[in-house]
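**Q** Here is what each chain is made of, one letter per residue.
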Amino acid sequence: MKYLCLVYSDERLLHTLPDSPEDAECWAYAESIQGSGRMVAAEALESVQTATTVRMRNGKLSITDGPFAETKEQLAGFYLIDAKDLNEAIQVAGNIPAARVGCVEVRPVRQLNV
Amino acid sequence: MSDVRARVEQVYREDSRRILATLIRLLGDFDLAEEALHEAFFVAVERWQRDGVPDSPRAWLVSTGRFKAIDVLRRRARFKASQPLLLAQLEELEQTDWSGEDVEDDRLRLIFTCCHPALAADAQVPLTLREVCDLSTEEIARAFLSAPAAIAQRIVRAKAKIRDAKIPYQVPSLSELPERLDSVLRVIYLVFNEGYSASMGAELTRVDLTREAIRLGRLLMELLPEPEVMGLLALMLLHESRRSARSSPSGELILLDDQDRSRWDAALIAEGGALVERALTTRRFGPYCLQAAIAAVHAEAPSAAETDWQQIVGLYDVLLRAVPSPVIELNRAVAVAKRDGALAGLTLIEEILDRGELQDYHLAHSARAEFCRQLGRAEEARAAYLRALELTRQEPERRFIQGRLSELD
Numbered sequence: 241m242k243y244l245c246l247v248y249s250d251e252r253l254l255h256t257l258p259d260s261p262e263d264a265e266c267w268a269y270a271e272s273i274q275g276s277g278r279m280v281a282a283e284a285l286e287s288v289q290t291a292t293t294v295r296m297r298n299g300k301l302s303i304t305d306g307p308f309a310e311t312k313e314q315l316a317g318f319y320l321i322d323a324k325d326l327n328e329a330i331q332v333a334g335n336i337p338a339a340r341v342g343c344v345e346v347r348p349v350r351q352l353n354v
Numbered sequence: 333m334s335d336v337r338a339r340v341e342q343v344y345r346e347d348s349r350r351i352l353a354t355l356i357r358l359l360g361d362f363d364l365a366e367e368a369l370h371e372a373f374f375v376a377v378e379r380w381q382r383d384g385v386p387d388s389p390r391a392w393l394v395s396t397g398r399f400k401a402i403d404v405l406r407r408r409a410r411f412k413a414s415q416p417l418l419l420a421q422l423e424e425l426e427q428t429d430w431s432g433e434d435v436e437d438d439r440l441r442l443i444f445t446c447c448h449p450a451l452a453a454d455a456q457v458p459l460t461l462r463e464v465c466d467l468s469t470e471e472i473a474r475a476f477l478s479a480p481a482a483i484a485q486r487i488v489r490a491k492a493k494i495r496d497a498k499i500p501y502q503v504p505s506l507s508e509l510p511e512r513l514d515s516v517l518r519v520i521y522l523v524f525n526e527g528y529s530a531s532m533g534a535e536l537t538r539v540d541l542t543r544e545a546i547r548l549g550r551l552l553m554e555l556l557p558e559p560e561v562m563g564l565l566a567l568m569l570l571h572e573s574r575r576s577a578r579s580s581p582s583g584e585l586i587l588l589d590d591q592d593r594s595r596w597d598a599a600l601i602a603e604g605g606a607l608v609e610r611a612l613t614t615r616r617f618g619p620y621c622l623q624a625a626i627a628a629v630h631a632e633a634p635s636a637a638e639t640d641w642q643q644i645v646g647l648y649d650v651l652l653r654a655v656p657s658p659v660i661e662l663n664r665a666v667a668v669a670k671r672d673g674a675l676a677g678l679t680l681i682e683e684i685l686d687r688g689e690l691q692d693y694h695l696a697h698s699a700r701a702e703f704c705r706q707l708g709r710a711e712e713a714r715a716a717y718l719r720a721l722e723l724t725r726q727e728p729e730r731r732f733i734q735g736r737l738s739e740l741d
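These protein sequences, in sequence, are chains L and Z. Counting in my numbering, the first sequence runs from 241 upward without gaps. Counting in my numbering, the second sequence runs from 333 upward without gaps.
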């Protein structure tokens with residue numbers, strides 16, 4: 241079963257707290273998940289200041305600057321993993337280094353009804 | 333004929349939760365398992381009359397339930413032929429080799445699943461009472477003074493999350509156990525407390541919930557005799573031993589000091605005390621064991637005056653180090669007052685209130701009032717009782733405070 245682990249944090253603090261992970265540690269963790277065979281994809285994201293939100297309404301594309309919603313914590317990265325069940329997904333999510341300064345939302349991937 | 337029917341009913345009472353637990357493991361679906369369980373019992377009435385009661389009714393019922401579930405899945409698959417998941421589920425189920433083993437583990441799995449921390453906190457209790465204790469949604473709603481529809485909705489949502497997020501049906505590994513066990517113990521203690529001191533309403537105790545909580549505690553003790561499981565069971569037994577002494581026939585609250593100790597249940601005290609000792613010797617005890625140890629010191633005292641307050645204060649010190657909490661500090665202050673006098677207790681309570689903590693907790697104000705009253709500070713006592721009265725919704729406690737207030741006049 242696939243789970244998407246969405247890493248959220250206050251991006252002004254993400255890299256400045258005593259517990260903040262270095263890029264090397266994040267890389268090493270991704271490598272270890274890759275090695276365990278559970279990795280589908282994982283990336284860190286640029287700041288929400290670079291975000292663009294697009295909508296299609298009545299065939300017309302609308303483009304706005306900024307994220308879909310202003311929140312205290314922003315999406316900072318994600319892991320898409322293959323796990324046996326929620327417990328295994330929680331183990332993977334809990335050990336993502338950024339979970340020490342932010343939080344990780346674990347969402348099962350829905351099978352499309354086709 | 334009525335003999336067979338009575339036997340089926342007996343098996344239902346004694347074993348339906350075990351059978352359900354196994355069916356949930358086999359089917360991976362709560363609703364399908366419940367449907368299969370009821371179909372299996374339905375078939376049993378007819379079949380056992382014709383062929384006699386099988387040697388192992390439980391194994392027979394699980395096996396029949398499993399076949400019924402296979403039928404249900406086949407029917408569904410015919411209507412939704414494009415559902416690959418359903419077919420995979422069916423195939424897996426047909427290939428599962430069911431043996432009678434692991435049945436006790438199934439019940440433990442069920443408890444851990446119902447109390448999984450990924451489920452909403454307000455769904456864990458009703459789900460556990462529904463699935464593990466077989467209380468109806470209406471009974472649960474009545475016990476928690478909520479609407480049956482609201483309880484049903486929480487249960488439905490929790491079951492959907494178990495299915496869709498794939499919360500596994502398993503006993504956690506040793507490394508996850510402490511944290512996961514906490515969640516199970518918390519649910520059981522919540523059920524007990526809701527029964528023991530109803531947070532609002534006219535009844536001081538709701539016996540059914542305390543009984544269910546103790547039953548759950550015993551079941552857990554049988555399946556997983558960890559020190560904190562012993563501690564929680566002991567704590568519940570020791571509280572329960574005082575139940576008939578803590579309210580008068582007219583439903584008035586009687587404080588520990590004024591209770592008729594001959595009405596305490598000696599058998600429950602003995603059982604609880606033995607569990608506390610067993611838990612303490614493991615040296616791996618936690619907050620439940622410590623609270624049970626405090627309850628045991630009270631239970632062993634022949635009268636309020638002869639209570640070993642020194643030991644109780646000492647146990648509160650250890651408990652506070654384990655789980656710092658202003659409520660425990662408050663309880664410790666009461667014990668210190670018993671040992672050193674009302675002024676010592678009042679000083680400690682005022683420290684807590686001055687920090688801005690427990691401002692809205694009625695027991696902090698009623699304890700403060702009590703100490704002021706003992707010290708002859710009537711005006712302060714009155715103000716504190718009035719504040720406590722504002723904050724408490726439970727009728728017997730309100731009457732108790734009103735009684736104290738009229739004594740001050």
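Don't read these hints as lab results, they were simulated from the structure. Note that the Cβ used here is the ideal one computed from N, Cα and C, for glycine as well. Just so you know, not all the hints are guaranteed correct.
Using 25 Å as the maximum straight-line C-alpha spacing, the simulated SDA-like pairs for lysine to any residue come out as follows [what the hints assert, rightly or not]: (1) L:LYS312 x Z:LYS498; (2) L:LYS324 x Z:ALA492; (3) Z:LYS493 x L:GLN351; (4) Z:LYS498 x L:THR256; (5) Z:LYS493 x L:ARG347; (6) Z:LYS498 x L:GLY277; (7) L:LYS324 x Z:ASP361; (8) L:LYS242 x Z:ALA492.
DEER-style ranges, computed between Cβ atoms [claimed, not checked]: (9) L:ALA309 x Z:ASP741: 52 to 62 Å; (10) L:GLY306 x Z:ASN525: 23 to 33 Å; (11) Z:SER657 x L:SER260: 48 to 58 Å; (12) L:THR311 x Z:PRO656: 54 to 64 Å; (13) L:GLU345 x Z:ARG730: 40 to 50 Å; (14) Z:ASP589 x L:ASP259: 43 to 53 Å; (15) L:SER287 x Z:ARG495: 34 to 44 Å; (16) Z:GLU632 x L:THR311: 48 to 58 Å; (17) Z:LEU509 x L:ASP259: 44 to 54 Å; (18) L:ASP305 x Z:ALA450: 45 to 55 Å.
Some residues of chain Z that are not near chain L, with every Cβ distance over 10 Å (derived) [stated by the list, open to error]: (19) ALA450; (20) GLN642; (21) ARG705; (22) GLU722.
**Q** Determine for every hint whether it applies to the structure shown.
**A** For each hint, the structure was consulted:
For the proposed pair LYS312 of chain L and LYS498 of chain Z, the alpha carbon gap of about 29 Å is over 25 Å, so the pair is violated. In summary, the hint linking LYS324 of chain L to ALA492 of chain Z is supported, as the alpha carbons are separated by about 18 Å, within the 25 Å threshold. For the given pair, LYS493 of chain Z sits about 15 Å from GLN351 of chain L by alpha-carbon distance, which is consistent with the 25 Å threshold. For the hint pairing LYS498 of chain Z with THR256 of chain L, the CA-to-CA distance comes to about 36 Å; that exceeds 25 Å, so the pair is violated.
Between the alpha carbons of LYS493 of chain Z and ARG347 of chain L the distance comes to roughly 11 Å, so the proposed pair stays at or under 25 Å and holds. Among the hinted pairs, LYS498 of chain Z with GLY277 of chain L is consistent with the structure: their alpha-carbon atoms are about 19 Å apart, no more than 25 Å. Taken as a hint, the LYS324 of chain L and ASP361 of chain Z pair is honoured in the structure, with Cα atoms around 16 Å apart against an allowance of 25 Å. Between LYS242 of chain L and ALA492 of chain Z the CA atoms are separated by roughly 17 Å; this keeps the pair inside 25 Å, and the hint holds.
Here the CB-CB span from ALA309 of chain L to ASP741 of chain Z is close to 58 Å, well matched to the stated 52 to 62 Å. For the hinted restraint 23 to 33 Å between GLY306 of chain L and ASN525 of chain Z, the CB-CB distance of approximately 47 Å leaves it violated. Checked against the hint of 48 to 58 Å, the pair SER657 of chain Z and SER260 of chain L fails, with Cβ atoms roughly 30 Å apart. A hinted range of 54 to 64 Å for the beta carbons of THR311 of chain L and PRO656 of chain Z is inconsistent with their spacing of about 32 Å.
Between GLU345 of chain L and ARG730 of chain Z the Cβ separation comes to about 44 Å, which falls inside the hinted range of 40 to 50 Å. At roughly 49 Å, the beta carbons of ASP589 of chain Z and ASP259 of chain L sit within the given window of 43 to 53 Å. For SER287 of chain L paired with ARG495 of chain Z, a C-beta distance near 37 Å keeps the hint of 34 to 44 Å intact. Take GLU632 of chain Z and THR311 of chain L: their Cβ atoms lie about 55 Å apart, and the range 48 to 58 Å holds.
Between LEU509 of chain Z and ASP259 of chain L the beta carbons are some 26 Å apart, a value that contradicts the proposed interval 44 to 54 Å. Between ASP305 of chain L and ALA450 of chain Z, the C-beta spacing of about 36 Å breaks the proposed range 45 to 55 Å. Distance to chain L contradicts ALA450 of chain Z as a non-interface residue, since its nearest Cβ pair spans about 6 Å, not more than 10 Å. Distance to chain L confirms GLN642 of chain Z as a non-interface residue, since its nearest Cβ pair spans about 42 Å, more than 10 Å.
Annotated as non-interface, ARG705 of chain Z keeps its C-beta farther than 10 Å from every C-beta of chain L; the closest such distance is 47 Å. Every C-beta of chain L lies more than 10 Å from that of GLU722 of chain Z, the closest at about 34 Å, which supports listing it as non-interface.
Checked against the numbered hints given earlier, this structure breaks hints 1, 4, 10, 11, 12, 17, 18 and 19; the rest are met.
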